[in-house]
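Asker: These are the residues of each chain, in order.
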Amino acid sequence: MANNNQETAPIVKSDLIIALSEKVSLPFKDVEMAVNQILDCMSTALSNGLRIEIRSFGSFRLNYCPPRRAHNPKTGEKVATIDKYRPHFKPGKELRERVNTAFLEDTEVEEVV
Amino acid sequence: MSSLTKALIAEHLFNTLGLNMREAKELVELFFEETRTVLESGRNVKLSGFGNFVLRDKKQRPGRNPKTGEEIPIDARRVVTFRAGQKLKLRVEKHVGKEIENANREQEEV
Chain A
1 MANNNQETAP IVKSDLIIAL SEKVSLPFKD VEMAVNQILD CMSTALSNGL
51 RIEIRSFGSF RLNYCPPRRA HNPKTGEKVA TIDKYRPHFK PGKELRERVN
101 TAFLEDTEVE EVV
Chain B
1 MSSLTKALIA EHLFNTLGLN MREAKELVEL FFEETRTVLE SGRNVKLSGF
51 GNFVLRDKKQ RPGRNPKTGE EIPIDARRVV TFRAGQKLKL RVEKHVGKEI
101 ENANREQEEV
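Protein chains in written order, with the numbering used here: chain A, 1 to 113; chain B, 1 to 110.
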C-alpha cells in the first residue's frame, strides 16, 4: 500500500471496484456495472419488502417503526409522524468473527508493545 | 421463502449484463469477500446510494447470564453496523408505505 498513513480511511465504492477488477479477468467497465447492479438488486429487493440473506456475510431486513407523537422542539407544536420501515443489517457469523478476531489481535499487539 | 440470495443476485447479473453464470457467481462472491476483508482490516466501507458499513469498538461491560443471574463480564469487541444511505431509506419508506396505504384503502372499501 502506498498510503500507509491512510490505512484506516474508509473504502468507497470506486476503491472496491478497482480491487475487484484486479482479481478477475473481466474489463473494468464490466466490474463497475456488476457492482452497481449488485447494489441496485439489493436496494430493489429491500424496497419490495424482501429479505436479503448472504451466507457468511449477513442479512438485511426491514424494521417496522410505529408512528410516534413527536413535536417540534422550537414551537412545541405537535406533529404526528407516520409509521415506516427502515433497513436493518445483522452481520453473519463469519463476518462477526473475522472482524472481532482481527481487532483482538491488534489490541494484544499494542499491549505487548 | 422470499429472500434475495447470492445465487439470485448472480442470476440478475447474468440476465442484465450478459456475463456468463460462472463469472456472475465469481463476482458476487468476490464482492462480499472483498467487503469482509476491508472490514476485517479495520476500515469502514462506504457504498454511495446504498449505505455504509461502520465498525464500532465496544468497551468491556458487565453482563449476566439471564438464566442463572450469574455475573459475567462482556469482553471488549468490535462490531459491524450498517447505516442505510438516504437514497435507500427513501426507497424503502416510499415503496412499503405505498403498500400499506393500498392495504388500508382496501380495508376501508370492505
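The reader is advised that the hints may include incorrect statements.
[Unchecked claim] Taking lysine-lysine and the PhoX-like style, the derived pairs with C-alpha atoms no more than 25 angstroms apart in a straight line are: (1) A/K13 with B/K67; (2) A/K90 with B/K59; (3) A/K78 with B/K58; (4) A/K90 with B/K6; (5) B/K94 with A/K90; (6) B/K6 with A/K23; (7) A/K93 with B/K59; (8) B/K94 with A/K29; (9) A/K13 with B/K59.
Simulated from the structure, these hints should not be mistaken for lab results.
Asker: Against the 25 angstroms threshold, does the CA-CA distance of A/K90 and B/K59 hold or violate the hint?
Answerer: holds (20 angstroms)
Asker: Going straight from one Cα to the other, do A/K13 and B/K59 come out at no more than 25 angstroms?
Answerer: violated (30 angstroms)
Asker: Check whether the Cα positions of A/K13 and B/K67 lie no farther apart than 25 angstroms.
Answerer: violated (44 angstroms)
Asker: So if I understand the rule, the pair passes when the alpha-carbon distance is 25 angstroms or less; does A/K90 with B/K6 pass?
Answerer: Given that 25 angstroms is the threshold and the Cα spacing comes to 16 angstroms, the pair holds.
Asker: Decide if the proposed pair is consistent with the structure: A/K93 and B/K59, CA atoms, cutoff 25 angstroms inclusive.
Answerer: holds (20 angstroms)
Asker: Please work out if B/K6 and A/K23 have their alpha carbons no farther apart than 25 angstroms.
Answerer: holds (19 angstroms)
Asker: Holds or violated: are the alpha carbons of A/K78 and B/K58 at most 25 angstroms from each other?
Answerer: violated (37 angstroms)
Asker: Would you mind confirming whether the straight-line C-alpha gap from B/K94 to A/K29 stays at or under 25 angstroms?
Answerer: violated (31 angstroms)
Asker: Between B/K94 and A/K90, does the CA-CA distance stay at or below 25 angstroms?
Answerer: holds (23 angstroms)
Going through the hint list in order, the structure does not satisfy hints 1, 3, 8 and 9.
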